[in-house]
Amino acid sequence: MHARRLSALLAAAFALAAIGGGGATPAADVPEIVIGSVLPLTGTLAQTGAGLRTAQVLAQDLVNGHVSYPLPLVGKSGLPHLGHARIRIEFADSQGKPDQARAAAEQLITQQHVVALIGTYASSTTATASQVAERYGIPFLNPDSSAPGLTSRGLKWFFRTTPHDGTFAENFVQFLADLKKTKDIGVKRIAVVGEDGLFGSGAGDAEEASAKKGGYEIATRVSYPATTTEVNAEVQKVKSATPDVIMQASYLPDALLYMRGYKQQSVAVKAILAQDAGFIDPGFIRTLGADAEGVFTREVFSLDIKHRNQAVPLIDQLFRERFAGKPLDGNTARDFMGILVLADAIDRAGSTKPDAIREALVKTNIPGKLTLMPWNRIHFDATGQNDGGAGIIEQVQDGKYETVWPFDVAVRPAIWPMPAWKR
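Counting from 1, position 57 in the sequence shown corresponds to residue 61 in our numbering; the numbering is continuous, with no gaps.
Among the hints, erroneous ones may be present.
To be verified - In the DMTMM-like style, the derived pairs of lysine to aspartate or glutamate whose C-alpha atoms are separated by at most 20 angstroms in a straight line are:
hint, residue 1, residue 2
1, 274, 238
2, 274, 221
3, 192, 248
4, 184, 248
5, 160, 359
6, 217, 174
7, 330, 320
Just so you know, the hints here were simulated from the structure itself, not pulled from any lab data.
Could you put together the complete structure from these sequences and hints?
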C-alpha cells in the first residue's frame with residue numbers, strides 16, 4: 005500500500021472514529037441486526053472487559069461505515085446482502101462469573117432477541133453461556149477462550165476462532181527445542197501453574213502433556229482460585245520444586261500477585277512462559293514496570309505482523325483513539341476479528357434465521373491475509389474449532405512486547421535466560 009493511500013485511509017478512519025460510524029443509510033424496511041455480547045464488564049476482569057467492548061464496538065462501526073480496509077465486510081455501509089442493514093451489539097455483563105454469564109446469555113436471547121452471541125473471554129463463563137445458546141439454537145462465536153475442552157463438547161452451535169491451549173502448549177515445547185539448536189538452555193524441570201477454572205486447568209493439562217512428550221520433568225503443578233488475593237504458599241511451593249521454567253496461565257489480578265510473589269521470594273528461573281491472558285493485558289507492564297522484563301508469553305497477535313495486512317497499524321491507531329492510547333493486543337484483536345467473522349457470516353447467510361447463520365459459519369473460509377492475525381485462515385472443523393489458527397511467542401523487552409518466535413517472523417532475538425530481579 006503506497007504511503008499516500010495509507011495516509012488517506014488513516015484520515016478517513018479517524019473521521020469515522022470521531023463520528024462512531026458512517027456510510028449509507030439502510031433501507032427503511034430493514035431493521036438493525038442485533039448481536040449479543042457477553043463480557044466481564046464489572047468485577048475483577050472489568051479492565052480487560054472494557055478493552056474487549058471497545059474492540060467490538062470499533063468493528064461494529066467499521067462494518068456499518070464506508071471506509072474500506074482489507075478485512076472481511078469492513079466499509080460496506082452495513083450488510084450488503086441484507087439491504088445494508090446495520091449491525092448493533094447489545095452487551096450483557098458476566099461479572100466474570102459462570103452463573104451470571106448463563107443469565108446474561110439467556111437475557112440477550114429471550115429479551116433482546118439477538119441473532120447470534122459472541123463472548124465471553126474467560127473459558128469458565130464461555131462454557132455456561134454457550135450451553136444456553138445451544139439450548140435455544142443460537143449461533144455462538146467465541147473469539148478469545150482457549151480451554152481445549154470447549155470444542156470437544158459435541159455442541160452444534162459453538163464456533164471458536166482462536167487457537168486453543170493445546171496448540172499453545174505445543175508451541176512452548178517447540179520454542180524450547182528451537183532454542184536448543186543454537187544454545188544450551190539448561191532446561192530439564194518445568195513447573196506448571198494455573199488458576200483452577202477451565203482456562204487454567206485446560207492449559208495446565210496441555211502443558212503437562214506437551215512437556216512430558218518433549219522429555220521434560222514436571223517439577224510441580226500448582227492450582228489456585230483465580231479470585232485469590234494471596235499466593236505466598238503457592239509461590240513457596242514453586243520455589244521449593246526448583247524448576248528451570250514456569251509455564252503459567254493466569255488472569256491479570258492473579259498474574260500480578262504471582263509476579264510480585266516470585267520477586268519477593270527470589271524465585272530464580274530461566275524463563276516464565278505464560279499463556280497470554282493477564283500477561284498480555286495492558287495493565288501487566290504498566291503495573292509491574294521493570295519487573296515484567298524478560299517474561300515470555302504466547303500470543304495470537306502482534307503489531308509486528310503488519311507486513312501481512314497493512315490494516316493492522318490503522319486499526320491499532322483507531323483503537324488507541326478510543327481506549328486512552330492503549331494499543332491493540334491479543335485479546336482485543338481477537339474480539340475485533342470475532343465481530344467481523346460474525347458479520348460476514350450473517351451477510352453471506354442473507355438472513356437472520358439461526359439455521360442460515362450457522363450454515364454460513366460452517367462454510368466460513370477467510371484467508372489469513374484478510375485478518376489482523378498470524379493465522380493461515382479462519383475455517384471451522386467439525387467441532388467448531390478454527391483449524392487455521394497459529395501462535396507466536398513474545399517477550400517483554402525494554403517495556404514492550406517483542407515477537408521472538410517463530411524465528412522467521414521474530415523482530416528481536418530472545419533474551420535467555422530472563423533477567424534477574426532488580427532490587
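Are the Cα atoms of residue 160 and residue 359 separated by 20 angstroms or less? holds (11 angstroms)
Against the 20 angstroms threshold, does the CA-CA distance of residue 192 and residue 248 hold or violate the hint? holds (7 angstroms)
Compare the distance between the alpha carbons of residue 274 and residue 238 with 20 angstroms, and conclude whether the hinted pair is satisfied. Holds. Residue 274 to residue 238 sits at ~19 angstroms (cutoff 20 angstroms).
Take the C-alpha atoms of residue 330 and residue 320, compute the straight-line distance between them, and say whether it is at most 20 angstroms. Roughly 9 angstroms between the alpha carbons, so the hint for residue 330 and residue 320 holds.
For the pair supplied as a hint, residue 184 and residue 248, confirm whether the alpha-carbon distance does not exceed 20 angstroms. At roughly 14 angstroms apart (the allowed maximum being 20 angstroms), residue 248 and residue 184 satisfy the hint.
Given the hinted pair residue 217 and residue 174, is their alpha-carbon gap at most 20 angstroms? holds (10 angstroms)
Taking 20 angstroms as the top limit, are the C-alpha atoms of residue 274 and residue 221 close enough? holds (15 angstroms)
This entry satisfies every hint, going by the numbered hints stated previously.
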